[in-house]
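> Okay, here's what each chain looks like letter by letter:
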Amino acid sequence: MIRFEEVVKKYGDAVILDQISFEIKEGEFAVLIGPSGCGKTTTLKTINRLIEPEAGRIYVEGKDIMDANPVQLRRKIGYVIQEIGLFPNMTVAQNIAVVPKRLKYSKEEIEQITRDLLDMVNMSYEEYAHKYPSELSGGQQQRIGVLRALAASPPIVLMDEPFGALDPMTRNVLQDEIIRLHKKLKKTIVFVTHDMDEALKLADTIIFMDQGKIVQMAGPDEMLENPASDLIKQFMGKRLSENGVNSLTAADFMKSHPASAYRSDGVKKSTQIMARRQIDTLLIKNEDETYAGSVTIGNIRKFGKQAQTIGEIPVTPNAVSYTKDDAADSFEKLLDSDSDFVVVLHDNDTIAGIVTKTSMARAMADALWGDES
Amino acid sequence: MNTKILLEHLYIVFASVIVSIAAGLPLGVMASLYRPLRKPILWISELLQTVPALALLGLVMLVVGAGKTTVIIGLLLYSLLPIVHNTYLGLETIDQGIKRAARGMGMSRLDRLFSVELPLSFPMIFTGIRIATVTSVGIAVFATSVGGGGLGSIINQGIRTQNMKLILSGTLTLMAMAVIFDGVMALIEKRLNKRVSA
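So the sequences go chain by chain: B and S. Per our numbering, residue 1 is the first one in the first sequence, and the count goes up by one each step. Per our numbering, residue 1 is the first one in the second sequence, and the count goes up by one each step.
One thing to keep in mind: the hints can contain errors.
[To be verified] These stretches of chain S come out as covered by chain B in the derived footprint (C-beta under 8 Å, 3 or more residues):
#1 88–98
#2 110–121
[Stated by the list, open to error] Here are the simulated lysine-lysine pairs, DSSO-like style, with alpha carbons at most 30 Å apart:
#3 B:Lys255 with B:Lys183
#4 B:Lys63 with S:Lys194
#5 B:Lys107 with S:Lys99
#6 B:Lys76 with S:Lys194
#7 B:Lys213 with S:Lys68
#8 S:Lys194 with B:Lys131
#9 B:Lys131 with S:Lys39
#10 B:Lys45 with S:Lys99
Bear in mind the hints are in silico, worked out from the structure with no lab data behind them. Glycine included, each C-beta is placed from N, C-alpha and C at the ideal position.
Build the full structure now, drawing on both the sequences and the hints.
Here it is as structure tokens:
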């Protein structure tokens, strides 16, 4: 759909794009990201020839864009920018109609398109079509900005930090809307941002740039798992150290201070602990604090009458992890075993905590939704 | 007060303002569109305003001859500055985002100019027209010196005959005219501004 071949852009001695090559497939949501000055916006602007490269070729739908008339080319590529850029002298409907009108759509057709588009973002035609941009909130203005770019159904939409100037709440809502629109309309979207959360949320493919070069081009999962450089790691920042499941240990997710008893403790005392904590299994420690096993309520019922101390009741072996083990490993042990929990031990075999299915669910929620949960 | 003289004065003002718009607007657009022309256009329109009005009319008269045409040409040269400047400024101060969006959506240069940039600059251009109109009311007084007639002739006559009443009636009419033009146009300007402010 969009193919870059060794594209070079310079301003004087400064190399902005350094022989970049990549391809974005039809229907793909590609996000360009990187530190400021990395060339991501320049890359975007070369696609609709707002900036023309010194060398290399850019193909859109198989055709070299330098062979096209720039005005005609741009009408087939939607364009949304951070400054929104609605024309204040035109109503919402007139703004949406800008490109269709220039492509000689009929009046009826344009009205139908405007109605359908407004409908898609739940803005009523009757209420909004004849308002001026100054009468809309920032979020509504950018919604119209997106609709205006979609009006002539271009196969490609370029978005240059479109939600960067909006407040976080509105940004979130518009991100959700653009995901929905992308699913529905299947456009090829090239989206520039400096916000990794936004990139991870929206992208099918993330193109990470630095100093005019592409450092890594990969899906969000792949980039989270195998960031190609320290800079990308930095960009992922908190997500990796706190929320990436891979780098987390069992200790991060265990419940500490589980109910436990010494072997020498009486059966009665032990059952009272279990009743008080409302649990059906009790961890048993040796006198030197090391883990001995666990006793279930079933076994206590069966053998409790003959036994004086809890240590005399047969223990059930449990899956065991150590605090420094990968959280993912302990989750796997938990799923493989019949038990409801995995015991987490310190290096000296004393009890550190347990990992339950609840802790696993929490870990997954954190990894999927990060800070929002 | 002679109605004919009043109408003559109004005619000179209106005609000269219309000609100034016809000349000043394209010049302002050119100054904004073509970098090399920017300095010469702005500089010449400024220079013209530094010539004393009476002298300017005199110079034009020597070339064109006495009459209303002379006055209109003189006032045109004098009114150029506010109109050219405000057109140029209006176009230059349009939000970069709006300009970029227009270009990125596939609007041609002229399309952008007529559909977006000039409509958005219009309040600023209108301010220039207002300034030109109000100054023209005053400067048209000199019309009488180059055979153009207008309210200047009444004041002139009053001065020659030392007739206080005549001088006052001419002056007050001029002042009223200027105030009314200014007031009405300022009102329109306010409404224009309200519409295009983003």
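> Now look at each hint and say whether the structure bears it out.
Against the structure, the hints come out as follows:
Residues of the region 88–98 of chain S lying with their CB closer than 8 Å to a CB of chain B number 4, which satisfies the three-residue condition for coverage. Given as covered by chain B, the region 110–121 of chain S passes the check, having 5 residues with a CB less than 8 Å from a CB of that chain where 3 are the minimum. Note on Lys255 (chain B) and Lys183 (chain B): the hinted pairing is violated, with a Cα-Cα distance of about 40 Å set against a maximum of 30 Å. Distance restraint check for Lys63 (chain B) and Lys194 (chain S): the Cα-Cα separation of roughly 45 Å exceeds the 30 Å cut-off, and the hinted pair is therefore not satisfied.
With a CA separation close to 26 Å, the supplied pair Lys107 (chain B) and Lys99 (chain S) stays within the 30 Å bound. Note on Lys76 (chain B) and Lys194 (chain S): the hinted pairing is violated, with a Cα-Cα distance of about 34 Å set against a maximum of 30 Å. For the given pair, Lys213 (chain B) sits about 69 Å from Lys68 (chain S) by alpha-carbon distance, which is inconsistent with the 30 Å threshold. For a cut-off of 30 Å, the pair hint linking Lys194 (chain S) to Lys131 (chain B) stands: about 14 Å separates their Cα positions.
Taken as a hint, the Lys131 (chain B) and Lys39 (chain S) pair is broken in the structure, with Cα atoms around 40 Å apart against an allowance of 30 Å. The straight-line distance between the Cα atoms of Lys45 (chain B) and Lys99 (chain S) is roughly 14 Å, inside the 30 Å bound, and the hint therefore holds.
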